[in-house]
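J.: Below are the chains, spelled out letter by letter.
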Amino acid sequence: DAKTTQPPSMDCAEGRAANLPCNHSTISGNEYVYWYRQIHSQGPQYIIHGLKNNETNEMASLIITEDRKSSTLILPHATLRDTAVYYCIVRVGLFNTGTASKLTFGTGTRLQVTL
Amino acid sequence: DSGVTQTPKHLITATGQRVTLRCSPRSGDLSVYWYQQSLDQGLQFLIQYYNGEERAKGNILERFSAQQFPDLHSELNLSSLELGDSALYFCASSVRSPPDTQYFGPGTRLTVL
Numbered sequence: 008d009a010k011t012t013q014p015p016s017m018d019c020a021e022g023r024a025a026n027l028p029c030n031h032s033t034i035s036g037n038e039y040v041y042w043y044r045q046i047h048s049q050g051p052q053y054i055i056h057g058l059k060n061n062e063t064n065e066m067a068s069l070i071i072t073e074d075r076k077s078s079t080l081i082l083p084h085a086t087l088r089d090t091a092v093y094y095c096i097v098r099v100g101l102f103n104t105g106t107a108s109k110l111t112f113g114t115g116t117r118l119q120v121t122l
Numbered sequence: 008d009s010g011v012t013q014t015p016k017h018l019i020t021a022t023g024q025r026v027t028l029r030c031s032p033r034s035g036d037l038s039v040y041w042y043q044q045s046l047d048q049g050l051q052f053l054i055q056y057y058n059g060e061e062r063a064k065g066n067i068l069e070r071f072s073a074q075q076f077p078d079l080h081s082e083l084n085l086s087s088l089e090l091g092d093s094a095l096y097f098c099a100s101s102v103r104s105p106p107d108t109q110y111f112g113p114g115t116r117l118t119v120l
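Note that the protein sequences, when read in sequence, are chains W and P. Sequential numbering of the first sequence, starting at 8, is according to our numbering. Sequential numbering of the second sequence, starting at 8, is according to our numbering.
By construction, these hints were calculated from the structure, which means they are not laboratory data. Nothing here was measured: the structure is a model prediction, and the numbers come from that model. Glycine residues also receive a C-beta, built at the ideal position from the N, C-alpha and C atoms. Fair warning: there could be bad hints in the mix.
Derived CB-CB ranges, DEER-like [as the list claims (entries may be wrong)]: (1) P:P15 / W:Q52: 20 to 26 Å; (2) P:G59 / W:P15: 38 to 44 Å; (3) P:N66 / W:G36: 25 to 31 Å.
One side of the interface only, derived from the structure: several residues of chain P facing chain W at Cβ under 8 Å [as the list claims (entries may be wrong)]: (4) S9; (5) L46; (6) G49; (7) F52; (8) Q55; (9) R62; (10) A63; (11) G65; (12) F76; (13) L95; (14) F97; (15) Q109; (16) G112; (17) P113; (18) G114.
A few chain W residues that don't get close to chain P, going by computed Cβ distances all over 12 Å [unchecked claim]: (19) S16; (20) M17; (21) T33; (22) D74; (23) T79; (24) T90; (25) V120.
Model the full structure from these sequences, guided by the hints.
T.: Quick look at the structure:
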């Protein structure tokens, strides 16, 4: 799986958009970009994933650059409950045997949403 | 609520003991994954089962073992426990289809005294 680089921490004012960047310059053509978050010591929560195109769901938007070497997770109106560690993960999306199925978590970005 | 359940929520035991952690995947999910999160190691993949068969192994110690039963629930067995095994243990499940998104349970916090 491709390595990812994320800033260790970010702050965001409540009600503003939170833009979390991720670099994955060694991504392969069949690798998806996944975003998870972990609030305190709860189980990681799936947010969104994408391959090439930008994606949006009820939680967030994912913007992937044309060369796919970086992406940005956007929380459009951050609230205090969005305070968490956000993980950007790149992995092969097809069901495979072997360790390609695992998620490799880095250190993520600690997002602090403040009043 | 991801639909993945784990029991117990908390477990406190002594060194040298054996414990069993249980995971029930989301309805319809055939794959189960186990992850360990300790303070110094972050989230680490341990093992994956698909429809009862072991499919992938990560950094799982020989003292640890897992299995997936016909009803698809899974158990992670930890034996000869050491202080360093204290951690959060998460189970995740996914369906067998691209892109195989994993959904995590709430975890079991294991404390070894």
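J.: Quick check on P113 of chain P please, does its C-beta sit within 8 Å of some C-beta on chain W?
T.: 5 Å, holds
J.: Beyond 12 Å from chain P, beta-carbon-wise, is T90 of chain W?
T.: With a cut-off of 12 Å, T90 of chain W remains clear of chain P, as the shortest Cβ separation is near 18 Å.
J.: Take the shortest C-beta to C-beta distance between G65 of chain P and chain W; is it under 8 Å?
T.: Since the shortest Cβ distance to chain W is 6 Å, the answer is holds.
J.: Less than 8 Å between beta-carbons is the criterion; does Q55 of chain P satisfy it with respect to chain W?
T.: Result: holds, 6 Å to nearest chain W Cβ.
J.: Beyond 12 Å from every chain P Cβ: check whether that's true for V120 of chain W.
T.: Its Cβ never comes within 12 Å of chain P, the nearest being 22 Å, so this holds.
J.: A cut-off of 12 Å on Cβ-Cβ distance, and T33 of chain W was said to be off the interface with chain P. Does that hold?
T.: 19 Å, holds
J.: Would S16 of chain W pass as off the interface with chain P, using Cβ distances and a cut of 12 Å?
T.: Holds: least Cβ distance 16 Å, greater than 12 Å.
J.: Would the least Cβ to Cβ distance between T79 of chain W and chain P come out above 12 Å?
T.: For T79 of chain W, whose nearest Cβ neighbour in chain P is about 19 Å away, the distance exceeds 12 Å, so it holds.
J.: Please verify that hint: F76 of chain P, Cβ, nearest Cβ of chain W, below 8 Å or not.
T.: Since chain W brings no Cβ nearer than about 20 Å to F76 of chain P, farther than 8 Å, the hint is violated.
J.: Given Q109 of chain P was flagged as interface, is its beta-carbon under 8 Å from a beta-carbon of chain W?
T.: 6 Å, holds
J.: Answer holds if the nearest beta-carbon of chain W is closer than 8 Å to that of L46 of chain P; otherwise answer violated.
T.: 11 Å, violated
J.: With chain W as the partner, please determine if G49 of chain P meets the hint condition of a C-beta pair closer than 8 Å.
T.: 6 Å, holds
Going through the hint list in order, the structure does not satisfy hints 5 and 12.
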